[in-house]
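Read top to bottom, the protein sequences are chains D and A. Read left to right, the first sequence gives residues 1 to 249 (my numbering). Read left to right, the second sequence gives residues 1 to 262 (my numbering).
Where hints are given, some of them may not hold.
Stated by the list, open to error - Only some residues are given here: those of chain A computed to face chain D with a beta carbon under 8 angstroms:
#1 S154
#2 E161
#3 S165
#4 L166
#5 F168
#6 S169
#7 P170
#8 T171
#9 Q181
#10 E223
#11 T226
Honestly, the hints are just simulated from the structure, not real lab data. Note that the structure is predicted; figures quoted are calculated from it, not measured. Note that the Cβ used here is the ideal one computed from N, Cα and C, for glycine as well.
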Amino acid sequence: MDHHKLGAPIIVIKGVEKRFGETVVLREIDMVVHRGETVCIIGPSGSGKSTLLRCINALAPINKGSILVDGVEVNDPKLDKLAVRRKVGIVFQQYNLFPHKTALQNVMMAPVTVLKQDPREVEARARALLKRVRLEDKAGSYPGELSGGQQQRVAIARSLAMNPLVILFDEVTAALDPETKKEVLVTIRELAADGMTCILVTHEMAFAREIADTVYFTDGGVIVESGPPSQIFQAPQNPRTRAFLDLVL
Amino acid sequence: MFETKLTARGVAIAFAAAAFVAAVSLAHAETASPAAASILSLVVKWLPLIFTGFLLNLLVSVLSMAIGTVAGVPLGLAQIARHRVVQRCASAVTQFTRNAPWLVLLFLTMFLLPFQFRLFGQSIPFPAWIKAVIGLAIPVMGNVSEIVRGGVLSIPRAQWESAESLAFSPTQTVFKIILPQALKRMLPPWMNLYAILAMATPLIAIVGVQDGLTDVRGALVAENRTDLLLPLYATLLAMFFIYCYPIAMATRALERRAEVKF
Chain D
1 MDHHKLGAPI IVIKGVEKRF GETVVLREID MVVHRGETVC IIGPSGSGKS TLLRCINALA
61 PINKGSILVD GVEVNDPKLD KLAVRRKVGI VFQQYNLFPH KTALQNVMMA PVTVLKQDPR
121 EVEARARALL KRVRLEDKAG SYPGELSGGQ QQRVAIARSL AMNPLVILFD EVTAALDPET
181 KKEVLVTIRE LAADGMTCIL VTHEMAFARE IADTVYFTDG GVIVESGPPS QIFQAPQNPR
241 TRAFLDLVL
Chain A
1 MFETKLTARG VAIAFAAAAF VAAVSLAHAE TASPAAASIL SLVVKWLPLI FTGFLLNLLV
61 SVLSMAIGTV AGVPLGLAQI ARHRVVQRCA SAVTQFTRNA PWLVLLFLTM FLLPFQFRLF
121 GQSIPFPAWI KAVIGLAIPV MGNVSEIVRG GVLSIPRAQW ESAESLAFSP TQTVFKIILP
181 QALKRMLPPW MNLYAILAMA TPLIAIVGVQ DGLTDVRGAL VAENRTDLLL PLYATLLAMF
241 FIYCYPIAMA TRALERRAEV KF
């Protein structure tokens, strides 16, 4: 568990509140993520973890506060959402690959369609990315022909193809069986080791403990406690953190 | 594989239809003795004319379908637009054109559209059959609009989100991600709609277009023989059946394939 040196802040979240109608899902959220940092968000289901990720990616608007992504305010009504999404990749629990496209096409599509990059150059990069997630031989396969773990790795490659500053992982192993789960975790570990800024919402406590630079424990829409994994897992300060960890560890 | 089975079945049905016409004719031959032998030859005599009229039915059906589809696809997309006014208007037009009797729409277009129009100082005739094409294209448009709306909505929300998160614009999402997937689901109901439209085309006879049905009635008037009534109508019926049945079978095959896929 080595903590590589962290760079400048890349995501700065201040006083964020998010409501669905009357229900407050996130309250007074503060978080700073630095370049190259690996952040894990843990906590019981329904504590607003996934919602927070969706707010960072401008998929869900926030009601109060500020989210700066690389200096751009996500809560600005005049915001070019597409500009933020080019910087922030997200990988979903259910992979959400495009079923009518092959693995290679899934990876190539956004750079070619959205960024208007040269398809030949993108294809070379996409093949390299598939190789990086160990799926170079599945380039021509459709998502329906791939296992869950393979699909999830294609989804990671697809996200990487946009050259994002940060990747959000939304419970990406929750739908996988233990074996395929491992493949995906290995891929994420390598990404983090390569210096990619990652924010993970996860229920994999052992994994969070291993790769995180900072762990946030959320419950009931608030950040209860945060700190290095050694503190959160071995010496939690808050009784709620302790109660949660007693249940899951 | 299903294609060979389909043609074999189609041929079998065609024979069955022909046998039915023949049987009906012969049954009449038994009762109406002296002129009886000539019934089959009379059917054969009028066959080319009825078939020519039938071809007009097909032409009208193809053109109506084409126009209705070209107009219905954007209308269907407008039905799911985020812009409230656009969405409401598109839904209203769709509901109105879908839920009006085809024959009434046909009459409306017949009387609303001029029989000729002027272009560059020249008057160009606007024949009745073209007006009929437009009249039938209107309900097709409404139905295609609903097929498109349903097809698009059947694609999981997660696909939109996935595309959005990759910075696809809404237009790019619709045309590159959603519609290509929805197409497979929209094809069977679209083909079904076409078969229904093809079978509804004899409605144009009522508004004065000389189609297959008009020709059958013309032949009956010319021969003035009641024993020809059944054989001639059965001939036209067989033509429609032979045309529409394979479409219905192909639709079913596609539906089955779609079921396996999803």
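Numbers of unmet hints, in rising order:
Failing hints, ascending: 1, 7, 8, 10 and 11.
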